[in-house]
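Peer 1: Spelled out, the chains give:
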Amino acid sequence: MSSSAYYDFAGIAVNSLFSLERVLIGVSLAAAVGIVMGVLRSALPRNIKRNLLLRFLLEAPKFPPPIAWIPFVILAFGIGEFSAISIVFIGAFAPIFTAAYDGAESIPLVWRQTAASLELKTPRLLYSVVFKGSLPQIFVGLRSGVSVGWMAVVAAEMISGQSGLGYSIQLNRQNLQYDLMCIDMLMIGLIGFLLFEMIVILERIFIPWHERTARR
Amino acid sequence: MTHIEASHLSFAFPGKPPLFEDLSFKIERGQCLGVSGPSGCGKSTLAQVLAGHLRPSAGVVAVAGQEMLRPNRDVFLVHQDTDLFPWLTAEKQILFGMLEPNSARAKELIELTKLTGFEKYFPHQLSGGMKKRLSIARALAVNPKLLIFDESFNSLDFELRMELFGDLKQIWRETKTTILLISHDPRDLEQMAEKELRLEKRR
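Just so you know, the protein sequences line up as chains A and B, in that order. So in the working numbering, the last spot in the first sequence is 500, and the numbers never skip. So in the working numbering, the last spot in the second sequence is 599, and the numbers never skip.
Hint data in this document are derived by calculation from the structure and do not stem from the laboratory. Computed from a prediction, not measured in an experiment: that's the story for all the values here. Don't take every hint at face value.
[Said to hold, decoys possible] One-sided excerpt, in silico: chain A residues whose CB lies under 8 Å from chain B:
| no. | residue |
| --- | --- |
| 1 | Ser300 |
| 2 | Gln397 |
| 3 | Gln461 |
| 4 | Asp463 |
| 5 | Glu495 |
[To be verified] Derived list of chain A stretches under chain B, where covered just means 3 residues or more per stretch with a C-beta under 8 Å from a C-beta of chain B:
| no. | segment |
| --- | --- |
| 6 | 376-389 |
| 7 | 399-407 |
| 8 | 483-493 |
[What the hints assert, rightly or not] Result set (DSBU-like, lysine-lysine): computed pairs, CA atoms no more than 30 Å apart in a straight line:
| no. | chain 1 | residue 1 | chain 2 | residue 2 |
| --- | --- | --- | --- | --- |
| 9 | B | Lys488 | B | Lys565 |
| 10 | B | Lys412 | A | Lys405 |
| 11 | B | Lys597 | A | Lys405 |
| 12 | B | Lys527 | B | Lys572 |
| 13 | B | Lys503 | A | Lys405 |
| 14 | A | Lys416 | B | Lys503 |
| 15 | B | Lys503 | B | Lys565 |
| 16 | A | Lys416 | B | Lys541 |
| 17 | A | Lys416 | B | Lys510 |
| 18 | A | Lys416 | B | Lys527 |
| 19 | B | Lys541 | B | Lys422 |
| 20 | B | Lys488 | B | Lys516 |
| 21 | A | Lys405 | B | Lys516 |
| 22 | B | Lys541 | B | Lys597 |
| 23 | B | Lys488 | A | Lys416 |
| 24 | B | Lys572 | B | Lys503 |
| 25 | A | Lys416 | B | Lys516 |
| 26 | B | Lys597 | B | Lys565 |
| 27 | A | Lys405 | B | Lys541 |
| 28 | B | Lys412 | A | Lys333 |
| 29 | B | Lys412 | B | Lys597 |
| 30 | B | Lys591 | B | Lys510 |
| 31 | B | Lys488 | B | Lys541 |
| 32 | B | Lys591 | B | Lys541 |
Don't be surprised by glycine CBs; every beta carbon is placed ideally from N, CA and C.
Please work from the sequences and hints to get the whole structure.
Peer 2: Take a look at the structure:
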């Protein structure tokens, strides 16, 4: 057996692509829903925002780690792509939603007052001032979200996967192929790093005006 | 008709003594009124009340005969801190302030505030003085009936401040905008104010 056949680089690449696809879909959905919900939550009247029940409903679900949701997701949706993507979504949603809300709440009063004097309608205020002003914080959430999402997809694949790097680690462990397990781990680290760098590049594209981006 | 009229204005934060009481003054069209007084006497609060961001405890603010009930384009406040939107370039900042974006007018304002060549710069790429000029340009783009400068240049050193006041005076003469200029430094008010309202700190 040649070393390239033994190491099955094609298999590693395919499993990496499966994991990558799941994390990209899950994180993208979490970003879309989390950002919209975070910005809209900041627009709620103050007495509703301070409501303890609403705060509990919005904050409590983020505390169980994504891995704890796996049995519930399998019960609800069975084993498959949808379940794996759901776990990524659950993991990535919390940091993105929290960051978007915190970012929107941290908009300086002078910007809000300027927007009020310009008589901006609510949709334009939310998009052109609140969302854009929250972008630096949203990107902090996206960095955490993509990291948690990536960890979550590997964990989900280890428990219930039929493909992906997490599944590959389990399979190689059962086959006592520890060297392949190490390659899987290296791929997880490499792809995780590349995903993180992808967010940094997106920051440079979307918020070139921010001090953090300008300093780099 | 008097352009801006404040009648019997009072303001107090909840549970606190009033910052000012029964304050009345008028500003004619194109006039510059200076407001001075020590720190904590309520100058910035008065600016917030005039701009509609705070509701007076008593009294009325009328702009061209209309009572000021909420913030609107009639009164524009240039704050102490930078109030520019950091994600907009200088040109877009000015266009954002307009009801109907007009590139030709934006170009005029950029020339008027000596920002030619910096149209595509973000605020963080501009010096302190240029940021203030851009704030003036955006405020003029709004075309307000009253433009309030609330210690707007105080973060700058004296020399640059005087230079900016010189520019603002020139702009004021050209545009005939009605201005309320707030500063704790009488030297600032000497540059432009035609009459002065002095607030005292209440105990």
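Peer 1: Does each hint fit the structure? Answer for all of them.
Peer 2: Here's how the hints hold up against the structure:
Because the smallest distance between the Cβ of Ser300 of chain A and any Cβ of chain B comes to about 35 Å, over 8 Å, the interface hint for this residue is violated. For Gln397 of chain A, the shortest C-beta to C-beta distance to chain B is roughly 5 Å, which falls under 8 Å, so the interface hint holds. Below 8 Å, beta-carbon pairs count as interface contacts, and Gln461 of chain A has none with chain B, the closest being about 51 Å; its hint is therefore violated. At about 49 Å, the closest approach between the beta carbon of Asp463 of chain A and any beta carbon in chain B exceeds 8 Å, and the interface hint on this residue is violated.
Residue-level restraint check for Glu495 of chain A holds (minimum Cβ-Cβ distance to chain B is 6 Å; threshold 8 Å). Counting residues of the segment 376-389 of chain A whose beta carbon lies closer than 8 Å to any beta carbon of chain B gives 0, which falls short of the minimum of three for the stated coverage. Chain B is given as covering the segment 399-407 of chain A, and this holds because 4 residues of the stretch bring a CB closer than 8 Å to a CB of that chain, at least three being needed. Three residues within the 8 Å Cβ limit are the bar, and the segment 483-493 of chain A against chain B gives 3, so the coverage statement holds.
Taken as a hint, the Lys488 of chain B and Lys565 of chain B pair is honoured in the structure, with Cα atoms around 25 Å apart against an allowance of 30 Å. Using a Cα cut-off of 30 Å, the hinted pair Lys412 of chain B and Lys405 of chain A is violated, with the two alpha carbons roughly 34 Å apart. Pair hint Lys597 of chain B plus Lys405 of chain A does not hold up; C-alpha atoms about 38 Å apart against a cutoff of 30 Å. Distance check on the hinted pair: Lys527 of chain B and Lys572 of chain B sit about 22 Å apart at the alpha-carbon level, within 30 Å; holds.
At roughly 26 Å between alpha-carbon atoms, Lys503 of chain B and Lys405 of chain A fall within 30 Å of each other, so this suggested pair holds. For the suggested pair Lys416 of chain A and Lys503 of chain B, the alpha carbons sit about 25 Å apart, so the restraint of at most 30 Å is met. Pair hint Lys503 of chain B plus Lys565 of chain B holds up; C-alpha atoms about 20 Å apart against a cutoff of 30 Å. For the given pair, Lys416 of chain A sits about 29 Å from Lys541 of chain B by alpha-carbon distance, which is consistent with the 30 Å threshold.
Restraint check for Lys416 of chain A and Lys510 of chain B: the C-alpha separation of about 28 Å stays at or below 30 Å, so the hint holds. Pair hint Lys416 of chain A plus Lys527 of chain B holds up; C-alpha atoms about 20 Å apart against a cutoff of 30 Å. Taken as a hint, the Lys541 of chain B and Lys422 of chain B pair is honoured in the structure, with Cα atoms around 13 Å apart against an allowance of 30 Å. The hinted pair formed by Lys488 of chain B and Lys516 of chain B meets the criterion: a straight-line CA distance of about 8 Å does not exceed 30 Å.
Pair hint Lys405 of chain A plus Lys516 of chain B holds up; C-alpha atoms about 26 Å apart against a cutoff of 30 Å. A distance of roughly 29 Å separates the Cα atoms of Lys541 of chain B and Lys597 of chain B; the hinted pair therefore holds under the 30 Å criterion. For the hint linking Lys488 of chain B to Lys416 of chain A, the alpha-carbon distance of about 14 Å falls within 30 Å, and the restraint holds. In summary, the hint linking Lys572 of chain B to Lys503 of chain B is supported, as the alpha carbons are separated by about 19 Å, within the 30 Å threshold.
At most 30 Å may separate the alpha-carbon atoms for a hinted pair to count; Lys416 of chain A and Lys516 of chain B meet this at roughly 18 Å. Of the pairs offered as hints, the one joining Lys597 of chain B and Lys565 of chain B holds, with about 29 Å between alpha carbons and a cut-off of 30 Å not exceeded. At most 30 Å may separate the alpha-carbon atoms for a hinted pair to count; Lys405 of chain A and Lys541 of chain B meet this at roughly 21 Å. Of the supplied pair hints, the one linking Lys412 of chain B and Lys333 of chain A holds, its CA atoms being roughly 27 Å apart against a limit of 30 Å.
A hinted pair counts as satisfied when its Cα atoms are at most 30 Å apart, and Lys412 of chain B with Lys597 of chain B qualifies at roughly 14 Å. For the hint pairing Lys591 of chain B with Lys510 of chain B, the CA-to-CA distance comes to about 28 Å; that is within 30 Å, so the pair holds. A C-alpha spacing of about 22 Å is found between Lys488 of chain B and Lys541 of chain B, which places the hinted pair at or below 30 Å, so the restraint holds. For the proposed pair Lys591 of chain B and Lys541 of chain B, the alpha carbon gap of about 18 Å is at most 30 Å, so the pair holds.
Consistency note: the structure conflicts with the earlier hints numbered 1, 3, 4, 6, 10, 11.
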